[in-house]
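Quick one: dock chain against chain with the hints and give me the complex.
Next come the chains, spelled out residue by residue.
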Amino acid sequence: MNPLVQIAAESENPLLPPIPEIVIGLIAFVIVFGLLGKKLLPNINKVLEERREAIEGGIEKAEAAQTEAQSVLEQYKAQLAEARHEAARLRQEAQEQGATLIAEMRAEGQRQREEIVAAGHAQIEADRKAAASALRQDVGKLATELAGKLVGESLEDHSRQSRVIDRFLDELEEKAEAAR
Amino acid sequence: MSADPTQVLAFETDCHIFNGCGFPAPGLHSFLFKPLWGDGDSNLYFNKTMLLALLGSIVIVGFFWVAFRKPKVVPGKFQMVGEAAYDFVRRGIVYETIGKREGEKYVPFMVSLFFFVWMMNLWSIIPVAQFPVTAIISYPLVLALIVWFTWIILTFKRHGFVGFFKNVTGYDPTIGPVLPLSMTIEFFSNILVRPFTHAVRLFANMFAGHTLLLLFTIASWYLLNGIGIAYAGVSFVMVLLMTAFELFIQAVQAYVFVLLACSYVQGALAEHH
Numbered sequence: 001m002n003p004l005v006q007i008a009a010e011s012e013n014p015l016l017p018p019i020p021e022i023v024i025g026l027i028a029f030v031i032v033f034g035l036l037g038k039k040l041l042p043n044i045n046k047v048l049e050e051r052r053e054a055i056e057g058g059i060e061k062a063e064a065a066q067t068e069a070q071s072v073l074e075q076y077k078a079q080l081a082e083a084r085h086e087a088a089r090l091r092q093e094a095q096e097q098g099a100t101l102i103a104e105m106r107a108e109g110q111r112q113r114e115e116i117v118a119a120g121h122a123q124i125e126a127d128r129k130a131a132a133s134a135l136r137q138d139v140g141k142l143a144t145e146l147a148g149k150l151v152g153e154s155l156e157d158h159s160r161q162s163r164v165i166d167r168f169l170d171e172l173e174e175k176a177e178a179a180r
Numbered sequence: 001m002s003a004d005p006t007q008v009l010a011f012e013t014d015c016h017i018f019n020g021c022g023f024p025a026p027g028l029h030s031f032l033f034k035p036l037w038g039d040g041d042s043n044l045y046f047n048k049t050m051l052l053a054l055l056g057s058i059v060i061v062g063f064f065w066v067a068f069r070k071p072k073v074v075p076g077k078f079q080m081v082g083e084a085a086y087d088f089v090r091r092g093i094v095y096e097t098i099g100k101r102e103g104e105k106y107v108p109f110m111v112s113l114f115f116f117v118w119m120m121n122l123w124s125i126i127p128v129a130q131f132p133v134t135a136i137i138s139y140p141l142v143l144a145l146i147v148w149f150t151w152i153i154l155t156f157k158r159h160g161f162v163g164f165f166k167n168v169t170g171y172d173p174t175i176g177p178v179l180p181l182s183m184t185i186e187f188f189s190n191i192l193v194r195p196f197t198h199a200v201r202l203f204a205n206m207f208a209g210h211t212l213l214l215l216f217t218i219a220s221w222y223l224l225n226g227i228g229i230a231y232a233g234v235s236f237v238m239v240l241l242m243t244a245f246e247l248f249i250q251a252v253q254a255y256v257f258v259l260l261a262c263s264y265v266q267g268a269l270a271e272h273h
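From first to last, the protein sequence lines are chains P and X. Note that the first sequence covers residues 1 to 180 in full-length UniProt numbering. Note that the second sequence covers residues 1 to 273 in full-length UniProt numbering.
In isolation and in its complexed conformation, chain X is listed as follows (with noise of 0.2 Å):
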C-alpha cells in the first residue's frame, strides 16, 4: 500500500509546483485512516479517530475530575474555571431553553454532550491529532440517536402515546384539508430527517473546516517553490486565519448541537398545543 495516498503527509512527499507534480488535494481519502490494530476489513479495528474519541473522553473526565474531585465552598483555580464551564451549559443552554424546573434532571446529560462534542471538535486544531473525531459521521450520529431516543422516550411518558401521535405529527385539526399532507410532511421532518440533520450539521461543518485546514495546509508545502512560495506564505497565513475560524467554529457547533438537544428536550415535554 505504498502508493495509498490516505497515510501519506503532504511534507512527506517532495511534491512541489515546478516539479513535474500534481497538486496533492484532500478529498475523502483525507477522512480514511489505517487501522493501528486490527484489519480494516472487518469490524474489528481500532483507528485514530478511535483512540482520539477515547483520549478526548479521558481528556474530559480528567480535567473534571481535578475540578470537581474534591470540590471546596472556596474554590480552587480548577474548580473555578470548571464552575464558569459548567454554569455556561447549566445557565446558558438548559434554563435557557428548558427552563430551571424542568431542566435540572437533564444539566448533567447536556454537560456531557457540549464538552464531548467540543472536546471531539477541538482534536482538530490540537498538534499531531489534528483530525477533528466528529468529521466522522458516526460520531456525530451515535449523539443525535442518543438525543433522538431521548426525545421519543420523553414525548411517549409525557403524552402518551395518542399524544405522542399528535406530538410527532404537528396534529391540529383547524388547518383544514391539508392536515394529512401536513402531518405526513411533520411525521417525516420530527422522526426521519430530525435526527440526519442534528448530526450532519456538526460533521459537515468540521468535514469542511478539516478539509479547508488541509487545503491549505498542504498548498503551503506544495507551492514552496520558486515564485510559489510567495503564495505559499499567503496560504500559510490562510493556515492561521483558518485555524483561529475553526476555534471558533468548533465552539459554536457543540453550542449549537446541545442547543437543539435542549430545543427537542423541551419540545418533548412541553404541552402539547
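In isolation and in its complexed conformation, chain P is listed as follows (with noise of 0.2 Å):
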C-alpha cells in the first residue's frame, strides 16, 4: 500500500495528526508570532514606556516645583530677615552717628565759646593796656602842665593852690567829656 495512502487512511484516528495540518499550523503560529512578536508588542511596550515615563516625568516635575518654590520661599525668608536685621543695623549705626555727631558738635561749640571768651579776654586786656598806657602819658603830661601852672602862678596862698587844682581837674574832667 502507498504510505501516504495509508497516513490518510490513519487519519481517520482524531489522534493522529495529518501532516499538512500541522505544516499550516505552524505557518499560521509563525505569523501570529513573527509579527506580534517582532513588530506590534515592541511597538505598544515603546509606548506603555513612554506613558509610563510621561506619567512618573510628570509626578517628578511636580515635586521638582514644589522644592523650587520650598527652596524660593525659604530664600525669600531669608533675605526678609536678612533685610530687618540690616534695618535694624542700619537704625543703630544712625543712632550712633547722631550721638556722636551731637557730642561732637558740642565739644566744638565748647571750644568756640571757650575762643571768642579768651579772644573777648584778651581784647579787654589789650584795651586796658592801652588805656593805662595813654593815661599814663595823658597823667604825666598833665602832672607837667599842673606843675608848670603851678610854677607860673604865685604860689601866694592855699585857697589859691586849691583854685589852681580844682580848675585843673575841671579842665581834665572838660576834655574827658570832650573825648567822650
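No wet-lab data here; the hints were simulated from the structure. Every residue gets a Cβ at the ideal spot worked out from N, C-alpha and C, and that includes glycine. Take the hints with a grain of salt, since some may be wrong.
[As the list claims (entries may be wrong)] Below, a list of computed lysine-lysine pairs in the DSSO-like style, where the Cα atoms sit at most 30 Å apart:
1) P:K38 - X:K72
2) X:K70 - P:K39
3) X:K48 - X:K34
4) X:K72 - P:K46
5) P:K39 - X:K72
6) X:K72 - P:K61
7) X:K70 - X:K105
8) X:K77 - X:K100
9) X:K77 - X:K105
10) P:K46 - X:K100
11) X:K105 - X:K166
12) P:K39 - X:K100
13) X:K100 - X:K72
14) X:K77 - P:K39
15) X:K105 - P:K38
16) P:K129 - P:K141
17) X:K157 - P:K46
18) P:K38 - X:K100
19) P:K61 - P:K77
20) P:K38 - X:K77
21) X:K72 - X:K105
22) X:K100 - P:K61
23) X:K70 - P:K46
24) X:K77 - P:K46
25) X:K48 - P:K38
26) P:K39 - X:K105
27) P:K149 - P:K175
28) X:K105 - X:K157
29) P:K175 - P:K129
30) P:K61 - P:K46
31) X:K70 - P:K38
32) X:K157 - X:K100
33) X:K100 - X:K70
34) P:K38 - X:K157
35) X:K100 - X:K166
36) X:K105 - P:K46
[Unchecked claim] Residues of chain P placed beyond 10 Å of chain X at every Cβ, according to the derived structure:
37) V117
38) V164
39) K175
Below, the structure written as C-alpha cells:
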C-alpha cells in the first residue's frame, strides 16, 4: 500500500495528526508570533514605557516644582530676615552716628565759646593796657602842665592853690567829656 | 461520494423522526473534511480547517495591527482593547507564573500563543465556520511541541547536561531505593507524556464541545416532526446554552494552555532542587 494513502487512512483516528495540518498550523502560528513578537508588541511596549515615563515625569516635575517653590520661599524668608537685620543695624548705626555728631558739635561749640571768651579777655586786656599807657602819658603830661602852671602862678596862698587844682581838675573833666 | 456523510449538513437532508429515518448522529466523520483543493489521499491538499487556521492568523494579526500599528500614549478604542488583552496575558499569566524579571522575554510568545489558541477555538461558534480548528489534533500538537522544545532548550541552557537530566528525572537521592523507579516515571512524565497531555487537553475539550454542539443541533433538526417539535425546542435551547458554555470553555482552554506553557518555562528556569 502506498504509505501516503496509509497515512490518509490512519488519519481517521482523531489522535493521529495529519501532517499537512501540522505544517499549516506551524505556518499560521509563525505568522502570528512573527508579526506580534517582532513588530506589534515592541510597538506597544515602547508606548507603554513612554506613558509610564510621561506619568512619572509629570510626578517628578510636580515634585521638582514643589521643591523649587520651597527653596524660593526659604530664600525669600532668609532675605526678609536679613533685610530686617540690616534695617535694625542701620538704625542703630544712625543713632550712634547722631549721638557722636551731637557730642562733636557740643565739643565744637564749647571750644568756639572758649575761643570767643579768650579773644574777649585778650581784647579787654589789650584795651586796658592801651588805656593805662595812654592814661599814664596823659597823667604825666597833665602833671607836667599842672606843675608848670603851679610854678607859673604865685603860690600865694592855699586857696589859690586849691583854685588852681580845682580848675585843673575841671579842665580834665571837660577834656574827658570832650573825648567821650 | 454522494453518500459521504461527512460532507452533508444536517439540514440538507430531509431526515426527521417518524419519517423512517435513523438519527444521523455526529461522530468521527464530523471531523473530516473533503479537501477544498488537492487530493485527500496525498499530503498535498487544502481543507476547511487549514483555511480557518490561516484566516484566524490573519484575524489576530489584523486586530493587533489596527490596535498597535501606530500606538499612541493616549490610546484609541482599538488600542485600549488591545492593551487590555495584552496586559491580561502579560500580567495575568506570565508575570504571575514566571515573574516579571525572567518572564518579560517570553511575553510575546505567550501572548501570541494565547490569542492563537483562543481564535482557533472561537471558530467553533462563529457562524459559517462553526468548527474549532483545535479539534484537529495537529494544531494543538504543533503548539505543544513548540512549547516542549522551548522547555527542553531552556532547561539545557540553564542547567547544562547533568542539570537537565536531574531536572527531567526529578533526581533526589534522599528518597532512597525507589529512586530508579521515580526517575523513570518522572522521565516519562516530563519527556513523553507532557507534550501529549498538553496537546490532548486542548484537543479533547474542543472535540467534545463541538460534538455536543453538533449533537443538539442535529437533534433539533431531526426532532422537528409531529410531537417531536416540543423536544426539538428543548434541544434548541440546549444548543444556545452549549454555545454560551463553549464560549466560556474556549477562553478557559486557551488560558490553561498558556498557563501550562508558562509553568513549564518557569520549571526550566527554576533552580534545581
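Hints, verified against the model:
1. Proximity of P:K38 to X:K72 is assessed by CA-CA distance (about 18 Å); at most 30 Å being required, the pair is judged to hold.
2. Of the supplied pair hints, the one linking X:K70 and P:K39 holds, its CA atoms being roughly 11 Å apart against a limit of 30 Å.
3. At roughly 8 Å between alpha-carbon atoms, X:K48 and X:K34 fall within 30 Å of each other, so this suggested pair holds.
4. At most 30 Å may separate the alpha-carbon atoms for a hinted pair to count; X:K72 and P:K46 meet this at roughly 10 Å.
5. This hinted pair checks out: P:K39 and X:K72 have alpha carbons roughly 15 Å apart, not beyond 30 Å.
6. For the proposed pair X:K72 and P:K61, the alpha carbon gap of about 22 Å is at most 30 Å, so the pair holds.
7. Distance hint between X:K70 and X:K105 is fulfilled; the C-alpha atoms sit about 22 Å from each other, no more than 30 Å.
8. Proximity of X:K77 to X:K100 is assessed by CA-CA distance (about 27 Å); at most 30 Å being required, the pair is judged to hold.
9. Note on X:K77 and X:K105: the hinted pairing holds, with a Cα-Cα distance of about 27 Å set against a maximum of 30 Å.
10. Distance check on the hinted pair: P:K46 and X:K100 sit about 17 Å apart at the alpha-carbon level, within 30 Å; holds.
11. At roughly 25 Å between alpha-carbon atoms, X:K105 and X:K166 fall within 30 Å of each other, so this suggested pair holds.
12. Annotation: proposed proximity of P:K39 to X:K100 holds, straight-line Cα distance about 21 Å (limit 30 Å).
13. For the hint pairing X:K100 with X:K72, the CA-to-CA distance comes to about 24 Å; that is within 30 Å, so the pair holds.
14. Restraint check for X:K77 and P:K39: satisfied, since their Cα atoms lie roughly 20 Å apart, inside the 30 Å limit.
15. With a C-alpha separation of about 12 Å, the suggested pair X:K105 and P:K38 falls inside the 30 Å cut-off, and the hint holds.
16. Using a Cα cut-off of 30 Å, the hinted pair P:K129 and P:K141 holds, with the two alpha carbons roughly 18 Å apart.
17. Annotation: proposed proximity of X:K157 to P:K46 holds, straight-line Cα distance about 29 Å (limit 30 Å).
18. Between P:K38 and X:K100, the direct Cα distance comes to roughly 20 Å. Compliance with the 30 Å bound is thereby established for this hinted pair.
19. For the given pair, P:K61 sits about 24 Å from P:K77 by alpha-carbon distance, which is consistent with the 30 Å threshold.
20. With a CA separation close to 23 Å, the supplied pair P:K38 and X:K77 stays within the 30 Å bound.
21. A distance of roughly 23 Å separates the Cα atoms of X:K72 and X:K105; the hinted pair therefore holds under the 30 Å criterion.
22. Taken as a hint, the X:K100 and P:K61 pair is honoured in the structure, with Cα atoms around 28 Å apart against an allowance of 30 Å.
23. Restraint check for X:K70 and P:K46: the C-alpha separation of about 11 Å stays at or below 30 Å, so the hint holds.
24. Distance check on the hinted pair: X:K77 and P:K46 sit about 18 Å apart at the alpha-carbon level, within 30 Å; holds.
25. Taken as a hint, the X:K48 and P:K38 pair is honoured in the structure, with Cα atoms around 29 Å apart against an allowance of 30 Å.
26. Taking the CA atoms of P:K39 and X:K105, the gap is near 15 Å; set against the 30 Å cutoff, the hint holds.
27. Pair hint P:K149 plus P:K175 holds up; C-alpha atoms about 17 Å apart against a cutoff of 30 Å.
28. With a C-alpha separation of about 15 Å, the suggested pair X:K105 and X:K157 falls inside the 30 Å cut-off, and the hint holds.
29. Pair hint P:K175 plus P:K129 holds up; C-alpha atoms about 21 Å apart against a cutoff of 30 Å.
30. A distance of roughly 21 Å separates the Cα atoms of P:K61 and P:K46; the hinted pair therefore holds under the 30 Å criterion.
31. At most 30 Å may separate the alpha-carbon atoms for a hinted pair to count; X:K70 and P:K38 meet this at roughly 14 Å.
32. Taking the CA atoms of X:K157 and X:K100, the gap is about 20 Å. The hint holds against a cut of 30 Å.
33. A threshold of 30 Å between alpha carbons decides the hint, and for X:K100 with X:K70 the separation of about 26 Å falls inside it, so the pair holds.
34. Annotation: proposed proximity of P:K38 to X:K157 holds, straight-line Cα distance about 23 Å (limit 30 Å).
35. With a C-alpha separation of about 26 Å, the suggested pairing of X:K100 with X:K166 holds against the 30 Å cut-off.
36. For the hint pairing X:K105 with P:K46, the CA-to-CA distance comes to about 15 Å; that is within 30 Å, so the pair holds.
37. With 10 Å as the threshold on Cβ separation, the claim that P:V117 sits away from chain X holds: the shortest Cβ distance comes to roughly 97 Å.
38. Listed as a non-interface residue, P:V164 keeps its Cβ farther than 10 Å from every Cβ of chain X; the least gap is roughly 142 Å.
39. The beta carbon of P:K175 is kept farther than 10 Å from every beta carbon of chain X, the shortest such distance being approximately 127 Å.
This entry satisfies every hint, going by the numbered hints stated previously.
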